Amino acid sequence: MVSESARERPPTLSVAITGSGGSGAVTAGLILLEAVGQAGFYGLMTRSAGPQIRGGESAAMVRFSPRPVESMGDRFDLLVGLDWRSVGRFASEIPLDSRSEILADPAAGEVPDVLLAAGAAVRRAPFKSIAGVVPEGRVSMAALGALGAVLGLPLDALEAGARRVLAPRQASVVESAVGCIRHAYTVQPEAGRASLQPPSAPRDLWNISGNEAAGLGALRAGVRFVAAYPITPATEMLEWLAPRLEQLGGCLLQAEDELASINMVIGASFGGVPALTATSGPGLALMVEGLGLAVASETPVVVVDVMRVGPSTGIPTKSEQSDLNIALYGIHGDAPHLVLAPLSVGDCVFTTQWAAGLAEHLQATAIVLSDQSLGQSRAVTTPPAEPTLALSRRRRQAPDTAFVRYALTADGISPMAVPGEAGGIYAADGLEHNEAGVPSSLAADHQRQLAKRRRKLEGFDYGADWAEMRGDGPLCIITWGSSAGAVLEAAERMMAAGRSVRVIALRLLAPLNVEALAAALARTETLWVVEVNEGAQLFHYLHAHQAIPAGARSLARAGPLPLRPGEVLSALAGAS
Amino acid sequence: MSDFEEELIASLPEFLAHALELEVESRERYRDMAACMELHHNPEAAELFNEMARYSELHVREVLLRAEGVELPAMAPWGFKWTCGESPEVRQAEAAHYLMSRRQALELALCHETRARDFYLGVAMRSESAEVRALAQEMAGEEQVHVDLLTRWIAGADHGVPQEDLDPPNVVA
Amino acid sequence: MSVPALKSTDYKSPVTPIWCPGCGHFAVLSAVTKALAYLGLPREQVALVSGIGCSSRLPAYVESYGFHGVHGRALAVAAGLKAAREDLTVLVAGGDGDGFSIGGNHLLHACRRNMDLTYIVMDNEVYGMTKGQASPTTAPEWRRSKLTPHGPGVRRFQPAAIALAAGASFIARGFSGDPSLLSRLLVQAIRHRGFSFLHVLSPCLTFRPDEKEWKQKVHPFADSPTSNAVEAARLIQADDGMSLGLIYAEDLPVWQPASECSASLADFEAEFRL
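Chains as they are written, first to last, in the working numbering: chain Z, 1 to 576; chain V, 1 to 173; chain D, 1 to 274.
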């Protein structure tokens, strides 16, 4: 077969490269992703690893297509094994079937039964001996060359990919890798069953990871101060930001813990500099106290939570969407704030930028729920769009009267002063306060300030970006964040098969646009809510707001396995 | 307690600077005490401290008048040569209580005024400048008036035994 | 246009402190206003950051920008503020609970970073705001709290020793009963480039009436200030905790980001382009 069957969307190819002990599976995957991009395809790469710090088993998964790829597929067309040690760990993550091919080196031993069980064909290629021909040749590069030929990728694209990915390495490493790839490519028999015709027209494409994308979104919004504590899987975002913040005249402060991080962010923001931090679930749990302070003092802050499997320490290297509850409800007291979730790797730029702009404009706290599947995946995708709303901190106008920091305004947003500004002196406070910011225990003051802080968020017109809506029909699927990719692909397949379906992928979760949602569900007869967490957190949240009908169905299951389109299709088919 | 030098006040400008500081401090401390008493709902004590603040304000103006045309030296807050003992700034902390009676407030004020008088007297006796001695003597005299006034008021005041505080302290935050 | 010099009263806000009459913190407030006036710092260029507790109420009473944050986190807020706004004079205020208990970790790292901040800890060896529990500096045998009826039974936290070991570059101790010294130490602390740790003994008459005796117990620091950390350690360890004055001051590297713009967003976006 040339590609996945007609039951699935038009052509995509999914390739997995596995290996262990420093065999270079991940580097090969990175080069492959870059190469498909150079060839003009869209792509998505995820990876998986064993628990060892070094030398553990690892796998790189790449899916590519002439059309945008926002989800891993249901199956893999090709599995390349650099070696077979402990590959059993990945068996459930790399579904194979009788149409799949396994590319293997006989010198690496027999292909494990667990991989053969589904009936995949085995194609042999002598990576090791091919690599031996090139000075300092590596098995992984030989495999990559062979793989590229099998996939029908242009050799130039492979070489360009290798040079770009290996650029930080020594020249000899780059040259031997390129040499290996070329040699393996040329000795490989003709393109195999799994290959795609490269697009003819060149495209303007980016190769970016979700964590990098969130970092870029922050910088685009004007964030120039970050304080953070390293945590898996958010650390790469911080590492990407640190040197670049400095180059833009800002800085990243590595804090002693997350308690310090969020308070430092508050301090910098109070000082007038847009500020942000990034963490994961355990860190967000520590920051919740600080978020309350930000809400009460109306200090703009952004926290990006790159979610991982919870609760507690959970599975740090795997993805789940189970921090919705703490994001929505974690702050003690009545503390309205913003919760957003990017819908794809590329959307991490837009959503983070939007969140930071909203935080500044509304003097609010914004939590951005990314996750490991977005953060640590790389995508070859279209350059990200920018938010169209003009968002900025409302500043105090030229003074005639005494400055009242928390003045009750119609839209709830009070002009703000920044230290250094003469005549704008005030003391920000976590204590409840009156309009002047003086601590107050009076009921009327509490009511007014609560109403103001709620009004400024709920009364704001967020525009159309609160959700991505596609399609129409009596069947509707609501989802959020990283689940959007698999749901949208499932919907596409349904529509290709003649069934009309609407997808609402929520990007803005709080405040919830109940009216707009109701309008979108006006003609819905069957409603599904799809999410990757065991507690059906979005489902219950929507019910709590009476935003979905009583008969709505829930597809909610925990991580760590990624959501696949076929899974969504099965659930919907099985239930009806 | 502060390591100031035991030097004498030698010039009129220096003396005026001290007098101004003393009276301004006095006024501010009484105003603080009055505000504190008001906040703690002790109007009697508040009223007394406000009155003392007014007297101090009058003294401030007097000093400013005498200082017209005189260039006063810039003094660091720790640079004042208060004669031995504490500077007039030191509050008699133990003496204050939010339930203090008028009598106790008077006694606290008396303490302050006595100290101020003693400062002026000390300068009047020891300064090497005749001009300074004369002025200091004058101001000591004015403080003495206050001291006498307060002493009389105390004599006439009830031996107010401080009420026992039936309410426990509040938690404010 | 020349701005007339501000008087210390100009640095006082109109808000009346909620402190009990006789509270030691009044003297600290007074000293802060005098120090700021002496230094001639424009009010809008000063920011006072605090946590939770009686002493943390200070920012509301000073006519400058203020941030009254949550318990124990003032040093973190101040670090973020100073990192982002090097131009401001940032003072941090709090008590012994805020600074040495819940805030302990932040204290260690603030000393390490040695950012140009002035940290004033008003130590009354009790948790006043929550009605009189023991604090880390309360003596082990103090039995007057229901939470620790047998006394805390734990040795006292040693603020100066810990600040020194953690890397503070300026350590001094003051007493609310000696306002003149307090102003002087404050000015020195603010002027010092680096993390200035000013430990102020500030009695709480409501919950620690026994602290009236501090007046008799405090004494000037016997030695001259040293700029040698080893010597400072010796002096501090030998000290009875009631010495007043500047103990240690040294010029140590200050952490302060100071980056110039050397690239643009377009440069970073280009990195992703295929």
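Hints are computed from structural coordinates only; laboratory data are not their basis. Among the clues, some could well be false.
Said to hold, decoys possible - If you want a taste of the chain D side facing chain V, the calculated C-beta under 7 Å gives, among others:
(1) Ser-13
(2) Pro-14
(3) Lys-131
(4) Gln-133
(5) Thr-206
The structure presented is a predicted model; accordingly, all values stated were derived computationally and were not measured. For each residue, glycine too, the CB sits at the ideal point set by N, CA and C.
Structure-based check of all given hints:
Because the beta carbon of Ser-13(D) sits about 12 Å from the nearest beta carbon in chain V, more than 7 Å, this interface hint is broken. Because the smallest distance between the Cβ of Pro-14(D) and any Cβ of chain V comes to about 9 Å, over 7 Å, the interface hint for this residue is violated. The closest approach between the C-beta of Lys-131(D) and any C-beta of chain V is roughly 6 Å, which is under the 7 Å cut-off, so the hint is satisfied. Given the 7 Å rule on beta carbons, the hint for Gln-133(D) is violated: about 11 Å separates it from the nearest Cβ of chain V.
With its C-beta approaching chain V no nearer than about 6 Å, Thr-206(D) sits inside the 7 Å limit, and its interface hint holds.
The earlier numbered hints that this structure contradicts are 1, 2 and 4.
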